[in-house]
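Taking the hints into account, I'd like the entire structure generated from these sequences.
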Amino acid sequence: MNILPIDVASGVILLWIVLGLLGLALQRSPRVICSVIFPFGALVSLLLAATGLWALSATPDIAVLPLGLPDLPFHLRLDPLSGFFLALLGGASFGVSLYAAGYFKAMAGEVLGLLCLEYHLFLAGMALVLLADDAYLFMVAWETMALSSYFLVTTDHKIPDIRRAGYLYLLIAHVGAIAILLSFGVMQGGHGVAAYTFDAMRHAHLSGFWSSTAFLLALFGFGAKAGVLPMHVWLPEAHPAAPSPVSALMSGVMLKTAIYGILRVTFDLLHAQVWWWGVLMLTLGLLTAVFGVMFAAVQGDMKRLLAYSSIENIGLLLVGIGLTVTFHVYGKDALAALSLTATLYHSLNHACFKSLLFVGTGSILHATGERNMGRMGGLIHSMPWVAALMLVGVLAISGMPPLNGFVSEWLLLQAFLLSPGLPNSYIDMLVPVAAAVIALSAALAAYVMVKFYGVIFLGQPRGNASAKAHDAGLWERAGMSWLALLCVLLGLAPVFVVQQINHVSQLLLGTQLANAAPSWMLLTPVDTERASYSPVYFLLAVLGVMLATVWVVHRYYHGRLRSAPAWDCGFPAQNARMQDTAEGFGQPIRRIFEPFFKIESELPSPFDVNPKYQGRSEDRLWYLLYLPVRRMTEKLSGWVSLLQHGHIHLYLTYTFVTLVVLLIFV
Amino acid sequence: MQIPLPLQFVNLLASLLLLVVFAMLAQRRILSLINLFALQGVILSLSTFVVAYSTAQHHLYYSAWLTLILKVLVLPWLLHRLIARLNVKWDVETLINIPTTMLVGIALVIFSFNLAAPISQLSQGITRGLIGIALASVLLSLLMMLTRRKAISQVVAFLSLENSLFFAATSATQGMPLVVEFGIALDVLVATYIFGIFFFQIRETFDSLDISHMENLKDDNA
Amino acid sequence: MMLNMTQVPAVLFQLTQLLLVVLAAPLLTGWVNQCQAWLQNRSGAGILQPYRVLHKLFLKDAVIAYNASWLFRITPYIVFGCMWLAAAIIPIIAVDLPFSRAADVIALVGVFALARMFIALAAMDIGTAFGTLGARREMLVSFLAEPALLMVLFTASMISHSTQLPRIVAAFTQQQFMLYPSLAFAALAFLIVLLAENARIPVDNPSTHLELTMIHEAMILEYSARHLALIEWAASLKLFAYFSIGIALFFPYGIAEVGHWSGLPLAIFLLLLKLLLAGAGLALFEALTAKMRIFRAPEFLGTAFLLAVLGLLIHFLLRA
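Residue numbers (numbering that gives the first Met the number 0), protein chains in the order written: chain A, 0 to 665; chain B, 0 to 221; chain C, 0 to 319.
The hints are simulated quantities; they were obtained by calculation from the structure and are not laboratory data. Computed from a prediction, not measured in an experiment: that's the story for all the values here. No residue lacks a Cβ here, since even glycine has one placed at the ideal position from N, Cα and C.
Restraint ranges, calculated between C-beta atoms of paired labels, are given here: (1) C/Y50 / A/W621: 52 to 62 Å; (2) A/Y625 / C/L38: 51 to 61 Å; (3) C/L283 / B/M144: 30 to 40 Å; (4) A/L626 / C/R292: 32 to 42 Å; (5) B/L114 / A/W621: 34 to 44 Å; (6) C/L47 / A/A547: 17 to 27 Å; (7) A/L626 / B/R28: 40 to 50 Å; (8) B/N96 / A/G108: 52 to 62 Å; (9) B/L114 / A/D267: 30 to 40 Å; (10) C/V7 / A/I2: 49 to 59 Å; (11) C/L47 / B/M144: 49 to 59 Å; (12) B/L114 / A/D6: 56 to 66 Å.
Okay, structure coming up:
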């Protein structure tokens with residue numbers, strides 16, 4: 000019998016669920032869970048990644064499962080779009096699961112068993128979201144994903160802050176889920192239960208108003224999951240609260256399922272009809288990107304910093320999607336394909352380097368017990384492996400050539416550069432401004448990452464824990480090495496990746512990006528005269544020039560080297576406290592963008608013997624948007640509670656009155 | 000499509016005009032503000048010369064000379080004398096900080112470019128894009144008037160507004176009748192004189208040129 | 000990009016340029032310093048002084064701090080390599096160099112960013128107060144200068160419909176002469192970026208070691224001997240590269256075409272002339288300007304950024 004990609008993918012989901020249950024059953028032997036189940040889960044991930052790649056070039060498969068509602072069995076579909084995101088899920092989770100095998104070793108058995116179940120359910124849920132082909136299954140998978148990740152976030156539920164973060168996450172996830180559900184309802188258009196399949200929605204031609212409504216609801220719902228402004232507040236709370244491998248999955252992969260959702264609904268189901276959808280997403284994306292990176296620059300907690308950086312990257316992705324929609328609507332499909340390629344490439348890249356950085360913070364957390372960067376420093380000496388691998392991630396996320404972050408940034412900027420000539424002159428002018436904002440946020444990202452890496456790994460240890468830190472274990476190194484390797488490979492072989500992404504562009508836009516040059520080493524998205532980039536040559540040239548320099552210097556001069564104390568500038572009492580802390584490093588940004596932050600700081604008086612400085616930069620949106628909503632909700636519920644008196648007769652009266660009213664109307 | 004060289008030159012001067020307006024918007028010192036204003040006059044008279052040359056309209060030469068004498072020499076000299084006598088070389092205090100002003104400025108530029116796009120398409124060849132720049136300069140000058148505290152910088156802003164309008168007139172409609180231009184030139188001159196007298200009056204009354212003091216002039220019972 | 004016989008001259012041109020640049024870069028620094036000396040009424044050390052300094056530094060024993068890591072030791076080589084490579088992308092003596100296909104203007108900005116990132120990280124590696132201070136300020140300057148540079152290059156790319164510098168130069172030199180108002184904005188923005196990125200007055204002062212004002216010098220305070228020599232050399236290369244970008248974008252006339260060996264002497268002569276003028280101009284500007292407070296620097300660079308964006312907008316409006 001013929002095995003199709005979709006069969007393998009469903010098998011993978013099933014395997015993950017079984018592995019999770021096995022983990023629960025084996026909770027008395029935590030060592031087995033760590034050294035057998037997690038690595039096996041990782042292998043399954045790899046299988047999924049291979050399946051995803053396979054599905055990219057295969058024709059879409061459909062499967063109907065004998066489960067689900069009576070009139071609406073579960074529909075599965077594996078097309079190139081799903082395949083791409085499955086590959087992303089598989090590739091990133093392979094590294095993360097390997098890492099988790101080492102990371103969770105120290106955990107107690109019962110907790111670990113439960114965690115293993117939730118972890119694999121989470122993975123299965125994400126895969127199912129990508130495969131679902133009807134609204135019902137999609138929502139079931141979406142909720143599985145949300146709930147299992149909620150439980151994962153609240154693993155350390157004894158800490159009140161973590162409970163609070165989890166609650167916030169759950170709340171926003173559900174507000175979003177309701178919006179998605181409503182969006183599906185609008186798209187279904189009241190045509191009976193069978194119309195809840197995506198296939199029916201694809202062919203239902205909605206009127207302009209209803210399709211815009213559906214789009215807005217979907218954007219809101221998926222945006223809430225992705226952390227798009229102003230629904231981002233849960234992200235910097237929940238990501239730091241979760242155990243690091245889980246943060247890695249949430250940030251690297253789960254946010255991408257929301258991107259998948261936006262792409263699926265906008266292009267596949269609603270056929271991207273209206274130009275202002277694109278402009279709306281573009282604007283929201285720009286705001287989100289700048290907001291995220293600005294806040295990342297002032298964080299002191301390393302995981303919060305990464306969470307804000309994820310917000311920035313989601314913003315960039317949304318910009319890419321917005322650009323794609325705009326171009327597509329105006330019939331510039333070659334450009335649309337270019338920006339879609341940039342978007343998908345960037346989601347893949349972000350999955351790799353953000354997972355790498357998040358799991359890296361896990362190792363640091365284990366080694367030092369600290370999340371506050373201000374108490375770290377000098378870890379490059381005690382954790383050489385983590386430091387070296389994290390350097391790859393840091394360079395990649397800052398968009399440095401020849402790593403992967405640069406390629407997607409390059410593609411996105413090319414899309415901007417090629418864009419003039421749109422019929423609407425306002426949009427035409429928005430494009431260069433948007434390019435400028437993208438460039439600004441990319442440059443700020445480099446600032447953030449220098450701060451992140453410099454304060455954590457370089458300099459002198461700022462606390463005892465940092466001085467005595469130990470390096471990561473073998474499993475952890477393996478997981479991180481895989482992710483770092485992906486960052487390098489995705490950076491070096493862009494032509495291959497673009498070829499794979501072309502299948503998705505073909506599906507969504509009906510066109511694809513031609514590589515004008517015949518060589519696999521030279522990326523030329525438009526034509527050779529216009530732009531080209533070859534990371535391999537670039538890397539070879541840098542390495543060649545560097546080695547030549549080393550050789551010449553050592554050959555004609557000498558390589559003598561000696562160590563001495565650092566220059567103290569005539570001030571012998573230099574100590575580790577004189578280095579910049581995380582707050583210090585971010586201070587210029589805080590000063591420049593002061594109006595955007597809500598800053599509370601206590602400055603000590605100059606005569607204080609034990610001076611203490613405290614500064615907090617908070618999100619104004621929380622105060623301007625969320626607290627009023629909360630107050631309003633409280634007020635409303637206060638009114639509702641007036642109805643509640645505790646008298647049973649009164650309740651019976653309510654029921655009676657309702658019944659009568661209903662009878663009158665019916 | 001190759002644009003004729005004189006028009007390219009006018010385009011370049013138009014952009015320089017916008018650049019100078021932006022520089023004025025970002026400028027903190029009154030002295031430099033006046034120098035920038037003089038520079039604006041130079042650009043203006045140059046562009047008038049170029050338009051006069053390319054369209055062979057002789058009266059534009061007169062108006063170019065008029066601009067050069069009045070806006071590059073007389074008015075800056077008057078203003079210099081004024082600030083020397085008032086002793087106000089200090090920094091301009093802005094109501095909104097400068098980066099924000101610049102951002103608003105960029106938004107205004109986009110707005111006016113788009114606003115002018117249909118007008119540019121109506122008029123023939125020569126003025127494509129110039130109206131947008133002139134309109135942007137007008138709006139930016141207005142913005143400068145809004146954001147400045149000191150009376151002198153407001154007057155400079157007003158004069159720059161007049162310059163932008165003048166630029167629009169020469170480049171878009173190839174100049175107004177000479178009589179009208181003479182009239183406007185006279186008006187501007189007189190206005191500057193009157194403003195000068197006002198400055199002395201304001202300073203005598205309030206001991207300062209900060210126009211926020213004028214808020215006290217309103218009826219207290221209101 | 001397969002190497003075949005037709006590309007041999009191009010490769011030779013590329014190698015000539017690489018060698019020329021790396022050897023001539025200190026000369027430029029020497030010239031700027033000499034001009035400054037003349038402007039300050041000193042006799043100066045001569046334009047060959049940077050070579051003597053480099054030679055002296057290479058001969059010395061390298062001293063590094065006890066807690067320096069491998070990052071600290073490889074950084075000089077990376078920075079030097081990046082700057083050298085940047086000079087290989089820019090058409091300095093000839094248009095259409097083979098390597099500039101592998102990396103366009105965006106990659107050029109990326110190369111500069113890569114070097115900057117490493118040098119800032121190396122500055123934080125020792126853990127002295129100066130190092131982190133320098134790194135922080137450097138990143139502060141760069142986060143506004145880098146997008147401004149990118150926007151400047153974009154303006155040129157929009158005009159010439161290409162992001163490859165050789166194409167941009169070709170578009171400017173070979174087409175009919177045109178005035179580009181948008182380039183006027185770009186030129187001004189580029190000037191500011193050049194000053195900021197090369198640690199010149201008014202943003203930074205290359206000849207100061209006053210802790211309150213220095214940026215670049217604070218970062219490299221811990222380097223000595225060959226490491227310092229490489230970093231100084233890289234700084235010269237960077238200045239050379241920036242001048243070359245400026246020449247390529249705003250005064251590209253006279254850059255030879257690949258294969259025309261006869262055009263090469265003229266190209267080199269014109270290049271020298273332009274560099275001499277630009278260097279003298281830089282020295283004059285520095286002599287006339289006062290250094291600004293570090294917190295005015297973001298505003299200064301923000302102006303560059305806005306000017307560059309405005310240039311792009313003007314391009315959209317005038318299509319020129």
